[in-house]
Amino acid sequence: MGPDRRLRVTVRRESYSGEPGSLVEKLAPLLAKYRHITIDMHGFKRGEILEAIRPLATKNLWATIIVYNGENKDSEEYDEEITVP
Amino acid sequence: MTDERFDVVLSVDRTLMSNHHGKEFLGFMATGPPVMVPERVWMAVAAPKVKVDGLGRPLEAPYGLRKIEAALLDAGIKAAVIDPDHLGRHLRNARVLGIGHHDYFALGPPSSEWWVLTGKEPVNSKYFKRFMEKPEIREAKKKGLKIIVGGPAAWQWLWMPEYAEKWGVDTVIEGEADKAVVSLVQDALDGKPLPQYVHVGIQDAPAISEVPLIKNASVNGLVEIMRGCPRGCRFCSVTLRPLRQVPLEMIEKELLVNKACGLDRCLLHSEDILLYGADGVKPRPEPLIELHQIARKHFKVVGWSHVSLSAVKYAEENYSLITRLSEIILQGEDDYIGVEVGIETGSPGLAGETMPAKAAPYPAESWPSIVKEAFSIMHDSRIVPAATLILGLPNEKPEDLVKTLELIDELKGFRSLIIPMYFVPMGVLKNGEWYRVKPTGEQLEVMKACLRHDLFWIRDLSGWYFNKMNPFIRFSLRTVIFLVDRVAKWLRLL
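Protein chains in written order, with numbering that gives the first Met the number 0: chain A, 0 to 84; chain B, 0 to 493.
Wrong hints could be hidden among the right ones.
As the list claims (entries may be wrong) - Derived SDA-like pairs: lysine to any residue, alpha-carbon spacing no greater than 25 Å straight-line:
id: 1; chain 1: B; residue 1: K165; chain 2: A; residue 2: E70
id: 2; chain 1: A; residue 1: K72; chain 2: B; residue 2: D203
id: 3; chain 1: A; residue 1: K32; chain 2: A; residue 2: K44
id: 4; chain 1: B; residue 1: K141; chain 2: B; residue 2: Y162
id: 5; chain 1: B; residue 1: K178; chain 2: A; residue 2: D78
Worth flagging that the hints you see were computed from the coordinates, not collected in a lab. On a predicted model such as this, the values are computed, not experimentally measured, just so you know.
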């Protein structure tokens with residue numbers, strides 16, 4: 000069982016390479032460290048987001064991952080917040 | 000007629016919103032394109048319309064949609080499963096459309112295999128696309144309808160993002176959604192922004208006590224008796240989920256829901272029915288006998304979804320349990336029960352590599368003999384396995400396929416169907432050319448061997464399987480089988 004920790008990740012279109020997989024590659028080391036990961040993706044089209052996170056479909060994920068298009072104005076508290084890259 | 004309104008409408012295209020004439024196996028026809036008959040005839044056989052009430056709610060609906068419906072109703076949300084032909088009047092008022100599917104875009108097995116072999120798009124994908132293009136859905140979307148998609152094939156949206164864009168899919172939810180869907184739908188109803196993608200992590204999979212009981216009947220009386228699988232096969236996602244057993248009292252309550260809705264049959268569902276109440280992977284007689292006695296008390300017809308071949312062997316060798324269970328289930332000397340089983344490969348080496356625990360408690364290297372013994376046990380107990388083989392597994396070599404061919408030959412005396420599934424690696428999907436991948440010569444030989452085996456046993460089983468079937472459907476099926484047989488002979492496949 001992974002730790003009960005929460006992470007928020009911010010991704011901006013201008014710093015994204017456009018290569019499907021590159022985002023998940025950067026996130027991979029974090030996937031096992033958190034139980035909940037929220038990813039806010041800014042400036043992406045609907046289809047681009049699904050393409051960007053596609054490699055998640057082939058991973059064995061313990062974490063719950065929630066991906067928003069734009070900023071998610073939730074009231075959740077996160078143990079850590081990072082911006083990719 | 001009442002004008003009851005639902006805030007949440009749950010639905011799916013006709014290929015899944017059907018009871019397949021009470022024979023789930025016919026539903027597999029919807030994973031292929033029409034063969035030698037017009038599409039309308041193919042669909043009339045594979046997925047006929049279901050009975051609906053005055054509001055367009057189907058009498059029977061896919062179990063997954065029923066679970067989501069139950070979760071939302073338990074949370075006080077006005078939700079209903081609606082037949083795809085009756086969406087119009089409900090989508091005028093609904094604010095959320097939830098869709099669950101086994102194979103949205105025909106990327107999973109066996110759909111992908113039929114696509115590869117025929118070059119034609121299977122009907123499940125075609126009908127789903129038509130479903131999403133329905134004017135009533137497009138009109139409601141323009142007015143702000145939120146569309147949430149999930150189910151076992153949710154992953155396919157990540158490979159087909161252009162369709163999510165085109166149809167305005169708001170959220171893709173992957174994993175066990177029984178619990179997570181409630182807050183998601185509540186956010187949609189409250190006008191809050193929805194996430195575009197949710198993956199329910201394994202740690203957040205609901206405990207059995209958190210899984211809602213269905214409120215309305217499921218297709219062919221299907222009820223879930225366990226979730227997850229302990230065998231850890233590398234090609235299967237179910238095995239990633241924690242193994243949870245549904246208590247008998249919960250199972251009986253769902254059986255009674257189906258009975259109250261007028262169903263006369265039930266289908267016990269698990270990745271391995273024989274592991275209900277088991278000691279690890281060793282079946283135990285008491286819980287299984289009690290489960291079957293309860294099911295039989297309420298229903299004339301009791302079916303199984305899946306069993307594992309190693310569990311069949313262990314249960315019979317140690318407790319004569321297959322004989323005892325078949326005596327509870329079968330209704331007479333001319334009755335049979337069908338069940339899905341996985342052979343996957345006849346190669347002990349490949350079995351050890353890709354599904355090391357599938358043979359447990361026996362060693363992986365004895366896999367072919369386990370398969371043979373289990374088929375023999377089932378043949379004697381009038382249980383008909385519909386067995387899958389997986390072609391194209393990673394590291395598959397021609398010699399592995401030769402071993403599979405040898406095994407098929409050794410199974411020819413046992414009443415069964417063997418269905419080769421074509422493994423499509425995910426990496427191939429992204430270039431859009433995946434369905435042009437062609438099987439190797441050895442893979443084609445395995446497919447031909449399966450066709451020979453199946454046509455022989457289909458003739459033997461047709462009397463039982465077609466019994467009490469609608470004459471038109473029986474005629475259509477016999478015609479398809481006859482034509483397939485003729486064409487296969489003409490092409491020298493047999």
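Against the structure, the hints:
1. K165(B) / E70(A): holds, 23 Å
2. K72(A) / D203(B): holds, 22 Å
3. K32(A) / K44(A): violated, 28 Å
4. K141(B) / Y162(B): holds, 16 Å
5. K178(B) / D78(A): Answer holds: K178(B) to D78(A) is near 24 Å, not above 25 Å.
Hint 3 from the list above is the single one not met by this structure.
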